[in-house]
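Undergrad: From first to last, the protein sequence lines are chains A and B.
In this text, residue positions in the first sequence follow my numbering: the first is 1, and each later residue adds one.
In this text, residue positions in the second sequence follow my numbering: the first is 1, and each later residue adds one.
Please keep in mind that the hints were generated in silico from the structure rather than gathered at the bench.
Check each hint, because a few of them may be wrong.
To be verified - Below, simulated DSSO-like cross-link-like pairs (lysine-lysine); rule was C-alpha separation at most 27 Å, straight line: (1) A/Lys207 / A/Lys169; (2) B/Lys97 / A/Lys71; (3) A/Lys71 / A/Lys207; (4) B/Lys24 / A/Lys71; (5) A/Lys169 / A/Lys71; (6) B/Lys97 / A/Lys169.
These numbers come from a predicted model, not from an experiment.
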Amino acid sequence: MIVVLTDLNLWALGGIGLVAGVMGSMLGVGGGIIIVPLLTLVLRLPIHVAIGSSLVAIVATSCTATYLYAKDRLANIRLALLLGTTTTPGAVTGGLIAAIIATPVLNVLFGLVLAYIAYTMMRRGSLIAEDLASEEASIYPPKSSASSLSSSLAGSFYDRHLSQTVSYKVNCIREGLSASFFSGILSSLLGIGGGIINVPVMHLVMKMPMKATIATSSFVIAITTAVGALIYYYYGLLQPVVLAPLVIAVILGARLGSELTQRAASVLLRRIFGVILLITAALMFLRAARII
Amino acid sequence: MSKDSAEPKRGRHYVDSWLSLSLKTGVVVSLALTMLGLILAIIAGIEEAGPPVSSGQLLQELSELEATAVITLGVIILLLTPILPVLIVMVAFLREKDRLYLGISAVVLCFLAVSFILAVI
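One chain only, chain A, in its complex shape:
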């Protein structure tokens, strides 16, 4: 499957990467849900190339996030590796499905996921901010019948905000492993990180503190998207000249976005972005129907 693209505008690719990096970082969503529609709708790139490019950009951002989290010892490495045993085969499966699936079907699937994310954004406002704020008062006791595997996954980190060490155990491992498999499929199939599944499952089902969840999830995403990107590399769908401006700009944008987040009213921002995502989802459906 060899794709050659002509009349590329490197500056436009850089611009899209910058927007994706800033918005993704400000809104706490992966860049994939921004990169894929912009590349397909604005630059008219084939959706398979857009998804492969998005996966490489997410490898870069998640590796950057993970090294910062690991420095602060927030990531639960054992859990990340355990989830990696199901998320990586999921990523291979998703990549193989994407390679044989028709473009309109991918457009529709992507539109559906966008609509779901838009709905959760507008309904719940700033999910992460709310959960982090409520975490101080929350207690997540491990089930009394915790297995030895669960005990081995127990973790702790020093919470600078609370000036305390927070210790926790991990519950419902089987459910977490199953969810990770589907998160891996979705990641490679649509070029997203998979955090939309990982984060709620790890936090709400496996009962991990949100800070440890986000840090651990970023390591899982780095592994998953690397496997997914390699599948797209195998099929010749990664385009180095497309990737270069995109990846550099996404990293710069993510840094800029984290600075801007301090000043923005996040709930309002997420609701506005939710509306934009709904419109984008509609455009993806129209593209699938070859109307635009």
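Please build the complex by placing chain B on the supplied structure of chain A, with the hints as guidance.
TA: Quick look at chain B alone, frame taken from chain A:
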């Protein structure tokens, strides 16, 4: 979740430091190469994109400072970056004689390594 007042004891935390360092090094080297490749592409006025340079031609094209080859190397290093921490953690588990997590890490490493070998080599 319980909260203690003491900071965590230093134990196997060197693993986190190594893991962090390996990821940082991978990202920085990869970005430096990608940026160099992008500058070369802008100078050469490239407006066309195709698949990555094959492993057989990579060395030769790198010696000629071909933009696509330099970016391909940057992308390969980036995609290799998540493998490094898994290797580091495996060494730590080996030293701790933790067979369970050594096996778990080996499974993840296998998927990463097989995907890499199939795709790039």
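Undergrad: Mind checking the alpha carbons of A/Lys207 and A/Lys169 for me, to see if they're no more than 27 Å apart?
TA: holds (8 Å)
Undergrad: When you check the alpha-carbon spacing of B/Lys24 and A/Lys71, does it fall within 27 Å?
TA: Holds, at roughly 10 Å.
Undergrad: Within a Cα-Cα threshold of 27 Å, do A/Lys71 and A/Lys207 meet the stated pairing?
TA: holds (23 Å)
Undergrad: Regarding the pair A/Lys169 and A/Lys71, is the alpha-carbon distance no greater than 27 Å?
TA: holds (21 Å)
Undergrad: Would you check the hint for B/Lys97 and A/Lys71, treating anything up to 27 Å between C-alpha atoms as holding?
TA: This hinted pair holds, its Cα atoms lying about 24 Å apart.
Undergrad: Does the structure keep B/Lys97 and A/Lys169 at a Cα separation of 27 Å or less?
TA: holds (22 Å)
When held up to the earlier numbered hints, the structure conflicts with none and fits them all.
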